[in-house]
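Trainee: What follows is the residue order along each chain.
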Amino acid sequence: MNNLLKSREALLALAILVLLAVIATRFPAFIEPRNLANVFNDTSPLIILAIGQMVVILTKCIDLSVAATLALCGMVAAMLNGAGVPLPLILLAAVVLGAVLGSVNGLLVWKVDIPPIVVTLGTMTIYRGIIFLISDGKWINAHQMTAGFKDLPRAELFGIHVMSWIALAVIAAAVVLLTRTPLGRSFYAVGGNPHAAVYTGINVGRTQFVAFVISGALAGLTGYLWVARYAVAYVDIAGGFELDVVAACVIGGIAIAGGAGTIAGAVLGALFLGVIKNALPVVGISPFWQLAISGSAIILAVAFNARQGRSRGRIILKSAEHRA
Amino acid sequence: MTHDKAPVLCLSGISKSFPGVRALSDVQLELHAGEVTALIGENGAGKSTIVKVLTGIYQPDAGTITVDGAEMRFDTADAAARAGVTAIHQETVLFDELSVAENIFLGHAPRGRFGLIDRKGMEAEARALLHRIGADLDPRLALKELGIASKHLVAIARALSIDARVVIMDEPTAALSHKEIHELYELVERLKAEGKAILFISHKFDEIFRIADRYTVFRDGQFIGAGRMKDVTETQLVQMMVGRSVDQIFPKRAHNIGAPVLTVSGYSHPTEFEDVGFTLHRGEILGFYGLVGAGRSEVMQALFGITRPSKGACRIGEDVAVIRSTADAIGRGIVYVPEDRGRQGAVKGLPIFQNVTLPSLGRISRGGFLRMAEEFKLARDYTQRLDLRAASLDQDVGLLSGGNQQKVVIAKWLATKPRVIILDEPTKGIDIGSKAAVHEFMAELAAEGLAVIMVSSEIPEILGMSDRVIVMREGRIAAELTGSEMTPERLVRAAAGIEKAA
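Residue numbers (the numbering used here), protein chains in the order written: chain A, 1 to 324; chain B, 1001 to 1502.
Keep in mind that the hints were calculated from the coordinates and are not lab data.
Here a beta-carbon is modelled for each residue, glycine too, at the ideal position from N, C-alpha and C.
Treat the hints with caution; some may be incorrect.
Unchecked claim - The calculated SDA-like cross-link candidates involving lysine to any residue, where the alpha carbons are at most 20 Å apart (straight line), are:
#: 1; chain 1: B; residue 1: K1348; chain 2: A; residue 2: V204
#: 2; chain 1: B; residue 1: K1192; chain 2: B; residue 2: L1160
#: 3; chain 1: B; residue 1: K1435; chain 2: B; residue 2: A1447
#: 4; chain 1: B; residue 1: K1192; chain 2: B; residue 2: I1133
#: 5; chain 1: B; residue 1: K1052; chain 2: B; residue 2: F1018
#: 6; chain 1: B; residue 1: K1348; chain 2: A; residue 2: L280
#: 7; chain 1: B; residue 1: K1377; chain 2: A; residue 2: V204
#: 8; chain 1: A; residue 1: K111; chain 2: B; residue 2: R1324
#: 9; chain 1: B; residue 1: K1230; chain 2: B; residue 2: I1498
#: 10; chain 1: A; residue 1: K111; chain 2: B; residue 2: K1435
#: 11; chain 1: B; residue 1: K1348; chain 2: A; residue 2: G184
#: 12; chain 1: B; residue 1: K1348; chain 2: A; residue 2: H195
#: 13; chain 1: B; residue 1: K1052; chain 2: B; residue 2: S1025
#: 14; chain 1: B; residue 1: K1435; chain 2: B; residue 2: G1464
#: 15; chain 1: B; residue 1: K1348; chain 2: A; residue 2: S7
#: 16; chain 1: B; residue 1: K1417; chain 2: B; residue 2: Q1384
#: 17; chain 1: A; residue 1: K277; chain 2: A; residue 2: T25
#: 18; chain 1: A; residue 1: K111; chain 2: B; residue 2: A1327
#: 19; chain 1: B; residue 1: K1428; chain 2: A; residue 2: H195
#: 20; chain 1: B; residue 1: K1377; chain 2: A; residue 2: T181
#: 21; chain 1: B; residue 1: K1348; chain 2: A; residue 2: A255
#: 22; chain 1: B; residue 1: K1348; chain 2: A; residue 2: N203
#: 23; chain 1: B; residue 1: K1192; chain 2: B; residue 2: I1208
#: 24; chain 1: B; residue 1: K1417; chain 2: A; residue 2: P182
#: 25; chain 1: B; residue 1: K1377; chain 2: A; residue 2: T179
#: 26; chain 1: B; residue 1: K1348; chain 2: A; residue 2: P182
#: 27; chain 1: B; residue 1: K1377; chain 2: A; residue 2: P182
#: 28; chain 1: B; residue 1: K1192; chain 2: B; residue 2: A1033
Stated by the list, open to error - Covered stretches of chain B, going by a simulated chain A footprint (3 or more residues, C-beta under 8 Å):
#: 29; stretch: 1324–1337
#: 30; stretch: 1360–1370
Just need the whole structure built from these sequences, with the hints factored in.
Mentor: Right, dumping it as structure tokens:
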């Protein structure tokens, strides 16, 4: 019990519950199951991207190009739709293109040895530029998309939107990947102690490359979902969203220095931001406060992690041994 | 010993302990104005610790420091600097991005109007200082543009700028070329002429006899002797360094040496080692001795696939083996327990069992998925075998004591079922009790037919554990000793490159 209370994930879940309770006092309808399902659905893109980002952060890297990758893959998906390509092929193309864009990041980090933050800052701008080139800066609007293309994320299965189902499937796959496969273990090892990882036969660069490919592929998938759901594609969709994604990871207790964090943390971090985003307008708080509250949550989360991570020092006094 | 002049700086009765290690025990050291005192001792004799005490980085547990007859305390590095003690380190501690003048005057730059740094004045003073030590460097150059020898000159100029009276030179010639070494000797002469007291730490005997006036010998953190260089011979110094009663007890071993397991021939690397060759047999413990920087660890890292040799071949059993990566080496049955276990050994943040199974993940997974039960069993088997004391295998490795972390790292490698295990300084920094356990364990491994390579800088350990010893010096094999040839004197002579004398 004591251990459970100490875990970051439990505390974060508690914080979300408290937040919901506070909102409920002013706007009870917010916590109706139907509405909560909508909040989850709204947050699905953030959850999927946060999982990809988390894998990258675990390996001591960061991917700032996720939102640009999302926008580029979304634009390509919309254009393929316009060209009459069937939906399953569009989905496949979005995921593969995302993986390719991610592999560009990964190769630059692995083979050219450029710091990840610089690589992805660069590719972020390049990918947005490519969208402009292929679309001539024009928008693709709802009436230019087929109904099937737009309807998939919104279709319901057992009372829940397909987009939510996709997020749940990604969560499940990521849990299995991270906890049950040698690859998942090597993400943690590479971030926890890259030097030691080399000595255990793990290729650090290649592991980081794979993390970028995963992040890219998930961004590609989200690209289709985003464009189809909002029924519009243009250069600046999801502009600045990469910061929300990193924030979700940080709030979820994913160590920025790498090597520590759980899927549950990343998902809860995303949900925390999602609840704030959805609730504040309903409660009637201005968008300025939204930003301030998100920002405070990030700083609080980091301060909390730093406190937890502080080493307790050496126990020298014999009498103190039992108290510790 | 006659005292012609009172020493400038005098340490007496200095002791310093770290958890599990007594680094210095009641040592003394005197430094005289205008004279070079050589500090001599094996690796681990306490030389670096005494330098840190002198520069205020460590505070001694007991003992006194007197400067000009007045007792002083060096509580901080700044206090030591104000007393006029300065050190020029093996890797010079300077700032690459700053200019030469800024490096010299960092922290005590001449001030002009409004308390701002007087750049012109600083550069002029820097030029004067550099001229005084015969160095023609432009004070405006960025330090990163200079070679190592010039950086030493800058460090020395810095020492002069704070009016140092005691200059500590910790292996200053380790990275210098022949010509640069001679320039350094001249500089030392000049510092002597200016009345500085110099503490010169070096492993090279020719160097010590060339420039030192006095010597002090430490061994195992204890003061062994001091005197004037002209009253002592090389042989006497070597004996003072190593002559000890072997008070540690090493496990008795049946020398049961089998077929060759690993044959290395002509291994070379462009900058680190050349023409290294040896054969390792089943059940054998092969010791690698040498000074720090002799290239021992570098050879081992090449064998383990971390670096690649430019020439040479390696055979495992009968097969020619090409090792391109650590994964190749592990697959071939070679494992390496690195020296720097904090950095290269355990992955803190991961639980014990995951650390143990990290290199064996392929073996315990099926169809790309880990079999958790297998994983736990593997971890339990090997940690039990090593008598690991931990509350549970779920515990974070970072919370274990140093000795127990060491056990986790060794368990990790044994779990891969290796044929060759390379242990780099296996007992460095652990207490006597744990040392005995590690030695016991190495003997067991050899008895089970593993081939063991032990890299060690501790002579008793090398002599007590090895069946055979290879001594390396400056990247080459200097000697291979067996049986009655394995004496402390032979080891030190081969490692330091002293010709057969007297």
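Trainee: Each hint: holds or not?
Mentor: Against the structure, the hints:
1. B:K1348 to A:V204: 16 Å, holds
2. B:K1192 to B:L1160: Holds. B:K1192 to B:L1160 sits at ~12 Å (cutoff 20 Å).
3. B:K1435 to B:A1447: 18 Å, holds
4. B:K1192 to B:I1133: 12 Å, holds
5. B:K1052 to B:F1018: 13 Å, holds
6. B:K1348 to A:L280: Answer violated: B:K1348 to A:L280 is near 40 Å, above 20 Å.
7. B:K1377 to A:V204: 27 Å, violated
8. A:K111 to B:R1324: Holds: A:K111 and B:R1324 sit about 17 Å apart, inside 20 Å.
9. B:K1230 to B:I1498: 18 Å, holds
10. A:K111 to B:K1435: 42 Å, violated
11. B:K1348 to A:G184: 16 Å, holds
12. B:K1348 to A:H195: Within the cut-off at roughly 12 Å; holds.
13. B:K1052 to B:S1025: 15 Å, holds
14. B:K1435 to B:G1464: 12 Å, holds
15. B:K1348 to A:S7: Holds - the C-alpha atoms of A:S7 and B:K1348 are around 18 Å apart, at most 20 Å.
16. B:K1417 to B:Q1384: Cα-Cα ~16 Å, so holds.
17. A:K277 to A:T25: 17 Å, holds
18. A:K111 to B:A1327: 19 Å, holds
19. B:K1428 to A:H195: 19 Å, holds
20. B:K1377 to A:T181: 17 Å, holds
21. B:K1348 to A:A255: 13 Å, holds
22. B:K1348 to A:N203: 18 Å, holds
23. B:K1192 to B:I1208: 15 Å, holds
24. B:K1417 to A:P182: Between B:K1417 and A:P182 the Cα gap is close to 19 Å, so the pair holds against 20 Å.
25. B:K1377 to A:T179: 17 Å, holds
26. B:K1348 to A:P182: 18 Å, holds
27. B:K1377 to A:P182: The given pair, whose Cα atoms are some 17 Å apart, holds under the 20 Å limit.
28. B:K1192 to B:A1033: 8 Å, holds
29. 1324–1337: Holds: 7 residues of the stretch 1324–1337 of chain B have a Cβ under 8 Å from chain A.
30. 1360–1370: Result for this restraint: holds, n = 6.
Hint violations for this structure: numbers 6, 7, 10, all remaining hints satisfied.
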